[in-house]
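Trainee: For the sequence shown, position 235 matches number 288 in the numbering used here, and the numbering has no gaps at all.
Hints listed in this document are in silico derivations from the structure and should not be mistaken for laboratory results.
Hints may contain errors.
To be verified - Label-pair restraints from in silico Cβ distances:
no.: 1; residue 1: Glu224; residue 2: Leu112; range: 42 to 52 Å
no.: 2; residue 1: Leu202; residue 2: Thr301; range: 38 to 48 Å
no.: 3; residue 1: Asp203; residue 2: Gly239; range: 22 to 32 Å
no.: 4; residue 1: Arg164; residue 2: Glu201; range: 45 to 55 Å
no.: 5; residue 1: Arg164; residue 2: Glu319; range: 38 to 48 Å
no.: 6; residue 1: Arg223; residue 2: Leu112; range: 46 to 56 Å
Cβ coordinates follow ideal geometry from the N, Cα and C atoms, glycine included.
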Amino acid sequence: MSSPDHSPLGKATTYADRYDASLLFPIPRQAKRDEIGVDGAALPFHGLDIWNGYELSWLDPRGKPMVAVAEFRFPATTPNIVESKSFKLYLNSFAQETIAGREALAEILARDLSAASGGPVGVVLHAPEELNGVPLHEPEGVLLDDQELDFDSYGPPRADFLSTHEGEAREVLVSHLLRSNCPVTGQPDWGSVQISYTGAPIDRAGVLRYLVSFRRHTEFHEQCVERIFMDLRERCAPRELAVYARYTRRGGLDINPFRSTDPAAEPGNPRGARQ
């Protein structure tokens, strides 16, 4: 199966403007899941990866360019992620392609992305005017970032920073200080993270130090969120847990992974100020 080293990421690229599904580059999830003790046959979490695409255009039957904002939902159960630059190149390949309409394009996108990821992918396309007035919305919860702390650990991630206190809590913690790096190019990925849990109170200083310790870490967005989920699960043993990261866009795409112990939980898709 493909590895990131063989992807178009970080290489000089010709931008095709005619439809080409072969541009999509799948990467298996399981290799990184093995590192954090996740059995692919019995996932300890539920969830999905929400992608938003802001650079999507095609030609209508009269040759007029059309544009849309796309929302893609990849279940966490899909065996593959799609490498983001290949995704961008694939979307760009519709630029000079004649498509009957948004519904027809959504069907093509869903078919190709489902084939690449190995599972059903949901696709919704919005005309820009349909999003007029949609407000920016930051993750809600107790902000961790105002704590006056000393930091000196920026990678690899330090799960030993995580601990709990005696008692019982049901709370939501938020930080905008998550930064990780692309495992191929080293380009930084910036994000906000929301942690919802029920159980022994998690030490807030330790959580913030832990999140900051991703600063020089190299992993894809989805892998970072699963690592955060598993580290919290192992070190803090909450009865209920959800981790949701909202990353800033790169190449016209943002990626927003969500993992939860609740099989019925499904997050909204609120756009943050940095997105």
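Trainee: What are the numbers of the hints that this structure violates, sorted from low to high?
Mentor: 2 and 5
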